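Okay, here's what each chain looks like letter by letter:
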Amino acid sequence: MSANHTERRRPRRTPRHIPLHLVLAALVIYFLIPFWWVVVNSSKDSAALFGGTSALWFAPNIDYVENLKQLFTYNGGLYARWLANSALYAFAGGIGATVLSVLAGYGFAKYSFVGRRAGFSILLGAVMVPATALVIPTFILFSQAGLTDTIWAVILPTLLNPFGVFLVNLFVRDAVPDELLDAARVDGAGEFRTFVKVALPLMRPVIVTVLLLSVVSSWNNYFLPLAMLVDNRLFPVTVGIGLWQSTASTYGAAGTNLWSIIILGSLVSIIPLIIAFLSLQRYWRGGLTVGSLK
Amino acid sequence: MTASTSGAVPTRKRRRRTNLRQNVAGWLFVGPFGIVFLALLVLPIGYALYLSLFQKTLMTGTTFAGFDNYLKAFDDPSFLKGLWFVLRFSLVLIPIQMAISLAIALILDTVTSKFARFSRLMIFLPYAIPTVIGALMWGFLYSRNFGPIADVFGAFGAAGPDFLSNNLIFYGLLNVVTWQWAGYYMIILYAALQGIDPTLYEAARIDGASGWQIITKIKIRLLTPALVLILVFALIGTLQFFNEPKILQQLAAGAIPDDFTPNMYAYQQAFTLANPNYSSTISFALGAVVFLCVYIFMFATRKRGNFLS
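Going down the list, the sequences are from chains A and B. Mapping the first sequence onto this note's numbering, position 208 (from 1) lands on 208, and the numbers just tick up by one. Mapping the second sequence onto this note's numbering, position 250 (from 1) lands on 1250, and the numbers just tick up by one.
No lab work stands behind these hints, which were simulated from the structure alone. Quantities reported herein were computed from a predicted structural model and do not represent experimental measurements. We treat Cβ as the ideally placed atom computed from N, Cα and C, and that holds for glycine. It is possible that some hints are incorrect.
Partner residues aside, some chain A positions facing chain B, computed with beta carbon under 7 Å [stated by the list, open to error]:
id, residue
1, Pro34
2, Trp37
3, Val39
4, Leu103
5, Tyr106
6, Leu141
7, Asn220
8, Tyr222
9, Ser249
Covered, in the sense of this in silico footprint (three residues per stretch, anywhere, with C-beta under 8 Å from a C-beta of chain B), are these stretches of chain A [to be verified]:
id, region
10, 67-81
11, 127-137
Generate the whole structure from the sequences, applying the supplied hints.
What follows is the structure, encoded as structure tokens:
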């Protein structure tokens, strides 16, 4: 522990760190076990799944191809539609929420306007309003407006991201100096042009972070679409798999065939986000520092 | 920040023009979010509050009920039981989760090998998994039909613990939530640790501080705002628990009733029992309880560095 600073520049394996490495290895096993289980068991047919093969190792007959075929043809290829719906909801909602957060966060940070103080206090209160406690009131309101069971019922509520506004505000206060904005104004740039040309490029880390957080939270959304949607062709993949799972549980033995496609469906549905996180890690890791250190 | 004009004292006319410009531009930037905020937060909450003041019966139709629904809710064993569960769950979960994520962050701040970098990503990975899928994955692992726990215990001739039973579902859910979120909290803490100026450690060491003192007196102290942030997130998240129990409900025969958490109860009232008035009451009451808890907590920790100040 004590040689911390020098080691950061010059990694050197000292015996002292062996116990820490063992702890890390144990943690990695714990955090990966569910993934391992899903990868292994999505290769099995239902006979092998229920038939006493080891739960943590492959059956003799590895059959991803057959399971994939079943997954994408079951119920007229509904699964592919669910994936596409998830992508639509995540991107439309996520991008919209990010644009609104970026504009508002910048506005709160860089302008003194009438109502700014009050507005910002209300925003801070809203960060603490539990999102799922809003689902049912929003559902009731939308059903009055005839909006339930449409894609808008899922996309519109996703646009609200008070924490995103808060993060952007915090970041802009630190990273976008007033002097730079004033210089652009003196050069005759309008407010919007100043924002686009000067501020936006400096805000890239926080934009990527807010975008990623919004996309992930709308991709992972379950309660909202579950409440809003009836038509299963509009379901995102989370609600769809939940539906299959309750079908399989309800039908008991007759549902056993469904389990192998549920397991593979779970695996396929998490791959896009894992790829997004691994490939964008440079960006989100930097952005998360915002708000955690004042 | 207030006036963008610097240096010389601006004339009255010029200041008025700047103010106008500041006002217009400020509102144009904040406005779009403001509209969404009004339409999707203020309006639903207001409408829920309004609905919660009415009652609907077959005999009398819809009548104004004042606070009767709230009196009913805070006397309703289903609501109170759910509320008690989420409070109890938060009290156990949050300290465990914070301790684990803090410990991992401190280890990763010390160990800089390739394996440590790999571990950091793997521990974070569950955050990218939808809660529904995460709960389902653990449901499989817990399952008596195809889970490995029964296998492992069976090898020693013992019956494995059933995390989907009445007695153990609390711990079953505890494990799912810890698995899902510890990595995310760890990343926030790790990022904060990386932001600390290393010369502080150098100085402390020269003053004779031990490794342990550096951890407790410098690192953890400087992490306080991040720890408060995490705690608030965890509190807000846990009190409105819904996804995991809803998914595990099917697998855990009988251990998770429809009124297991307040949110599940509100869902049942709205969709199974078609009672929007009472459902709104529960949602509003839950929101108020969460807000109150978080507010009390923020007030209590205000002196120790607060992420919202």
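Verification of the hints:
no. : hint    : in the structure
1   : Pro34   : 4 Å, holds
2   : Trp37   : 6 Å, holds
3   : Val39   : 11 Å, violated
4   : Leu103  : 5 Å, holds
5   : Tyr106  : 6 Å, holds
6   : Leu141  : 5 Å, holds
7   : Asn220  : 4 Å, holds
8   : Tyr222  : 5 Å, holds
9   : Ser249  : 4 Å, holds
10  : 67-81   : violated (count 0)
11  : 127-137 : holds (count 11)
Violated hints for the displayed structure, listed by number in ascending order: 3 and 10.
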